[in-house]
Amino acid sequence: MEPAPFSLSPNTYPRALNVVGERITVLAPGAATQGYEVFLQQGEEGSGPPPHCHGWDESFYITKGAVEIGYGDQVVTATAGTFVHVPAGTVHYFRFGMGGGEMISVTGHGGNASRLFARIDETVPPGPPDLAKLLAVAQECGVTISE
1 MEPAPFSLSP
11 NTYPRALNVV
21 GERITVLAPG
31 AATQGYEVFL
41 QQGEEGSGPP
51 PHCHGWDESF
61 YITKGAVEIG
71 YGDQVVTATA
81 GTFVHVPAGT
91 VHYFRFGMGG
101 GEMISVTGHG
111 GNASRLFARI
121 DETVPPGPPD
131 LAKLLAVAQE
141 CGVTISE
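First residue of the sequence shown? That's 1 in the working numbering, and the numbers climb one at a time after it.
Please note that a few of the clues may not be correct.
Cβ-Cβ distance ranges computed for the label pairs, FRET-style [claimed, not checked]:
1. T144 x P14: 25 to 31 Å
2. P5 x A80: 25 to 31 Å
3. Q74 x R15: 33 to 39 Å
4. D130 x S7: 33 to 39 Å
5. P128 x S7: 34 to 40 Å
6. N11 x G72: 25 to 31 Å
Think of the hints as simulated: they come from the structure by calculation, not from any bench.
All residues carry an ideal CB built from backbone N, CA and C; glycine is no exception.
Please work from the sequences and hints to get the whole structure.
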């Protein structure tokens, strides 16, 4: 099946998913693109995932605020206009900085992030996360949490 053209505007975005303190809007799921995925990620200060890795590339373009992004032995404080690319299999994390922030993220072909985010939204209630549930969903979706 060939992907069909589509467009979204803020008033037609799907509901933002609650992913452990982040609001993640799926702008382009893999089912629609037949490849990559695109997300609008908005987070309060200090929110973000623990160090983890997965089998798909991921890129981040910061649109508001500052986001600390760590990968390998590098830590970048990315501000609006900064682009960061993380290849598949690279352990990485991010934390939204003072006042929170916003970024666009894009996964490479075969990404499973939209499924991961939807499963967290439906399985892990708001508030301090149930780590056992979070780890189970991550594993189910091909994400390895690092220690």
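Tested hints:
Between T144 and P14 the C-beta distance comes to about 27 Å, which sits within the given range of 25 to 31 Å. Evaluation of the 25 to 31 Å hint for P5 and A80 yields a pass: the beta carbon distance comes to about 29 Å. Evaluation of the 33 to 39 Å hint for Q74 and R15 yields a pass: the beta carbon distance comes to about 34 Å. Taking the beta carbon of each, D130 and S7 are about 37 Å apart, inside 33 to 39 Å as hinted.
At about 38 Å, the CB distance of P128 to S7 agrees with the hint of 34 to 40 Å. At about 40 Å, the CB distance of N11 to G72 disagrees with the hint of 25 to 31 Å.
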